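**Student:** Under the working numbering, read the sequence shown as residues 11 to 96, first letter to last.
Hints listed in this document are in silico derivations from the structure and should not be mistaken for laboratory results. Honestly, I wouldn't trust all of these hints.
DEER-style ranges, computed between Cβ atoms [what the hints assert, rightly or not]: (1) T67 <-> S47: 30 to 40 Å; (2) A33 <-> T67: 19 to 29 Å; (3) E66 <-> A26: 36 to 46 Å.
Just so it is clear, the structure is predicted and the values come from calculations on it, not from any experiment. Every residue gets a Cβ at the ideal spot worked out from N, C-alpha and C, and that includes glycine.
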Amino acid sequence: MQHLAYVVIPFTRNGAHLGPSQAIVFQRPQQARLAASQIARRVAGVAILERQIDPETGDEQDRLVAEIGAVPPSFPETFDWSMRLN
Numbered sequence: 011m012q013h014l015a016y017v018v019i020p021f022t023r024n025g026a027h028l029g030p031s032q033a034i035v036f037q038r039p040q041q042a043r044l045a046a047s048q049i050a051r052r053v054a055g056v057a058i059l060e061r062q063i064d065p066e067t068g069d070e071q072d073r074l075v076a077e078i079g080a081v082p083p084s085f086p087e088t089f090d091w092s093m094r095l096n
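Throw the hints in and build the complete structure from the sequences for me.
**Tutor:** Listed below in structure tokens is the structure:
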């Protein structure tokens with residue numbers, strides 16, 4: 011059985027560029043959605059990733075499930091989101 015985590019990633023604007031800020035990891039999608047809606051008031055955009063973690067192999071796979079505001083169009087394919095749940 012795969013474990014799921016929801017990663018909220020705020021994006022801030024630096025001139026014409028958007029850059030990711032510190033990510034926040036949640037166990038439940040409702041918590042991630044609430045945090046993203048609160049954070050979106052203070053930043054250019056917010057993305058929520060659903061991270062699937064295979065407990066046997068440790069393989070991780072991300073899927074963009076929601077975005078608010080300005081999120082880079084190629085996100086998340088062009089970034090290496092290496093973070094682990096502790």
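**Student:** State for each hint whether it applies.
**Tutor:** Here's how the hints hold up against the structure:
no. : hint                    : result
1   : T67 <-> S47: 30 to 40 Å : 34 Å, holds
2   : A33 <-> T67: 19 to 29 Å : 22 Å, holds
3   : E66 <-> A26: 36 to 46 Å : 43 Å, holds
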